[in-house]
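Q: The listed protein sequences derive, respectively, from chains R and D.
Just so you know, we're using the numbering used here here: the first sequence kicks off at 3 and counts up by one.
Just so you know, we're using the numbering used here here: the second sequence kicks off at 1259 and counts up by one.
No lab work stands behind these hints: they were computed from the structure.
Coverage of chain D stretches by chain R, computed from C-beta distances (three or more under 8 Å per stretch; other residues unrestricted):
no.	stretch
1	1287 to 1298
2	1301 to 1308
The following residues of chain D were derived to be distant from chain R, with all beta-carbon distances above 10 Å:
no.	residue
3	D1266
4	T1269
5	A1273
6	H1279
Beta carbons: idealized from backbone N, C-alpha and C, even for Gly.
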Amino acid sequence: MTGQRASTGQGASTGQSASTGLRGRLALAAPTLDRAARTLWTAAGPDDLRGRYLRYLTAMHALITASVPLLERAADRCGQLHDACAPLLADYFARHAREERGHDDWLLEDLAAAGGSPEAAKAAVPPPLVVELAGAQYYRIEHRHPVALLGYIAVLEGNAPAPGLADRLAADTGLPAAAFRTLREHAALDTGHLDDLCQLLDALPLTAQQQLETSVCALHTADTLTRLFLQLAADQGGRR
Amino acid sequence: MTGHEPADALTALEAAGFGIHALTEEQHTVLRSLTETELALLIDIKGRLDDVGPEVQAHSDLAGGALF
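Chain R on its own, in the form it takes in the complex (with noise of 0.2 Å):
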């Protein structure tokens, strides 16, 4: 990671902004993670869906519950990094931490009132779609460098739930309002948290190798998303 040619928020071999290269390549992955989601969101009826949605907020906390901890090792491993990307990088993820701390809470909440178990979905294991998605961050922060870690960050914030996702699976699944908390936050926070990220790239000094960790990282992260939500859908319950 040394020894490459900075530029401001620029593709080195473009010219285009670094937002602009970022977005231009997910563009191509959003059509199937799209559709992955809408699959997981359709079934054959309410039991089917309340169930679905169990098992969704299940993984999710599973998810979730590394997004602060990962936020503040990139924040540390920046201090100990010597680049001009560092200080910016550690500031966003230390204020990214504060904002994101406690919802791992909701949807403990959430899930019991769906009807769950919150002790239960806290012991079981993570889906492995689940570990690969924030394990494969742990490594680039620790091995690579913490800027990847907005490809990531991208893409969860990218596809947040719609804004009306919450009052629809609702209806379908007649559970109460209260089971749909933290998509109903989400749909709100998240759009503004991109935006955000967008600036932030495009300020960074970003070398030619940073965006490109950054740009695998945001591909890896949407391939393994849209599996995770396929395998979601596909799961009749009968699986751990």
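Let chain R serve as the given structure and place chain D on it in line with the hints.
A: For chain D alone, kept in the frame of chain R given last:
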């Protein structure tokens, strides 16, 4: 990991079923700079559609769901 640009990323994307002709010149410029690793990931993602099956006719609100 390789950071090399493939010989012709647009041709490879088109062969994989991406609707390249519908994209803008700015998007073409972005995609011409894809590395082999990025191209392989995009083609993998496109292949996941085979696992999805027929297009789901869903209400427009039934979308998204990723959480961070």
